[in-house]
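Peer 1: For reference, the chains in residue letters:
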Amino acid sequence: MRSREIRTVQQERLEQAYVANAPDLLNYFGRRVLILVDAADLVSETFVVACRRKEHLPTGDEQVRMWLFGVAKHVLANTTRGSTRRFELASKLREHLLTVPVEHPSTEALDIRQALGRLPSDQSELVKLVLWDGFSVPEAAIILEVSESTARGRYQRARTRLGELLSDYQLNASKP
Amino acid sequence: MDLIEEVVRRAAPPSLADRSEVSAGATALALEMVATRAGAVQRSRPRPRHVVAAFLLGLGLLGGGVTAAVAGPALFSWLGWIPDAVAQRTFDLGDGTDIELCEVSLRVIAQYGTVSNSEADQQAEEARAFLATHDWDPLIAAITASDIEDAYAIDVERREQSELESGIAPPAATYSGAVTRLMFTLISAEFERAGFLRDGVSLEAAAGPCSGPDADTPR
Chain X
2 MRSREIRTVQ
12 QERLEQAYVA
22 NAPDLLNYFG
32 RRVLILVDAA
42 DLVSETFVVA
52 CRRKEHLPTG
62 DEQVRMWLFG
72 VAKHVLANTT
82 RGSTRRFELA
92 SKLREHLLTV
102 PVEHPSTEAL
112 DIRQALGRLP
122 SDQSELVKLV
132 LWDGFSVPEA
142 AIILEVSEST
152 ARGRYQRART
162 RLGELLSDYQ
172 LNASKP
Chain S
1085 MDLIEEVVRR
1095 AAPPSLADRS
1105 EVSAGATALA
1115 LEMVATRAGA
1125 VQRSRPRPRH
1135 VVAAFLLGLG
1145 LLGGGVTAAV
1155 AGPALFSWLG
1165 WIPDAVAQRT
1175 FDLGDGTDIE
1185 LCEVSLRVIA
1195 QYGTVSNSEA
1205 DQQAEEARAF
1215 LATHDWDPLI
1225 AAITASDIED
1235 AYAIDVERRE
1245 QSELESGIAP
1255 PAATYSGAVT
1265 RLMFTLISAE
1275 FERAGFLRDG
1285 VSLEAAAGPC
1295 SGPDADTPR
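Sequence lines, in order, name chains X and S. Just add 1 to wherever you are in the first sequence, counting from 1, and you've got the working numbering. Just add 1084 to wherever you are in the second sequence, counting from 1, and you've got the working numbering.
Calculated directly from the structure, the hints in this document are not laboratory data. Among the hints, a few may not be true.
Only some residues are given here: those of chain X computed to face chain S with a beta carbon under 7 Å [said to hold, decoys possible]:
#	residue
1	18
2	90
3	91
Non-contacting residues of chain X with respect to chain S, defined by C-beta distances greater than 12 Å in every case (computed) [claimed, not checked]:
#	residue
4	24
5	56
6	59
7	63
8	135
9	151
10	153
Cβ atoms here follow ideal geometry from the backbone N, Cα and C, with glycine treated the same way.
Here chain X stands alone, though its shape is the one from the complex (with noise of 0.2 Å):
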């Protein structure tokens, strides 16, 4: 009965930490999908995927949360090199997701997203979940299963290197 009762608690745990990152692992997946309706399926599959590895779920709350992107990175990393799952539930999204317009992005944002593609895998998700996503840097390495010095390491070489990369967009940001 006890370890029933631990399951239980674990699962309310998952499912109000799920709920209340929903908006935010949509976001986390449509900046990384080809194609944008694809991350209404893969919020869903993020779901299935921690129900099934809920035993390892951590005990504090925002450790839940930074667990729950950890699933969405294994979830995407599957789907890229398989085909996205279609769910029955997700497709009232997927239309909410048709209806956003096309992003025509500048020059300069094309041009420091291809920089950042240059970067080594690992160097240029650190980023995203940081730069983007809004993460910390201790935060990101819990997500990418990383220890934190690492993470910081690996932080500090993507920024030397986007440096270069990007040298003319930090001399026109220096400008008066």
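Once you've looked at the hints, dock chain S against the given chain X.
Peer 2: Below, chain S alone, put in the same frame as chain X:
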């Protein structure tokens, strides 16, 4: 944040979370995923069949059979989910008992755990299409006053037995409860006969009170 960080941050694709309807859609999807899983877990416990019915009261239907979109937003709000089909009918008991519109809302839910997830999704999709498009009218129209009286008598008997065994008086039997259960019993039996009630699929139903002055009056 230094300049490099600032230009990279500015290059982020637009935030979907800033679009309120998309953000709300993500939350709604999450809630539905959670609710569906909760239902699936509940149904995965030993049960004679993968059918779940929540009849609060309920009975009735005038004219219609099962249709996919006859119920209004108020019903969906009360249910907390959108039915795949709604069975509606009124019944004439022939003795002046006035039971007006009764509705039974039905939906198919994928049941994960017993088959692969993709198989469950596919089977649920097929079952949902059957539930929403099958002509249930003849089945429900065949319910007679005698059937309803029998179902009501059984409900009364069960409640008396329950009170004898537990010493606690259950809520009184009503025609609403008897008829909606009868409607659901027939629909779920037909659904199962058609081969759609199988591993990976659950059929869920709910019914509210029927309208009519005698629908929920114990006799």
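Peer 1: For this structure, which hints from the list above don't hold up?
Peer 2: The structure conflicts with hints 1, 4, 8, although it agrees with all the remaining ones.
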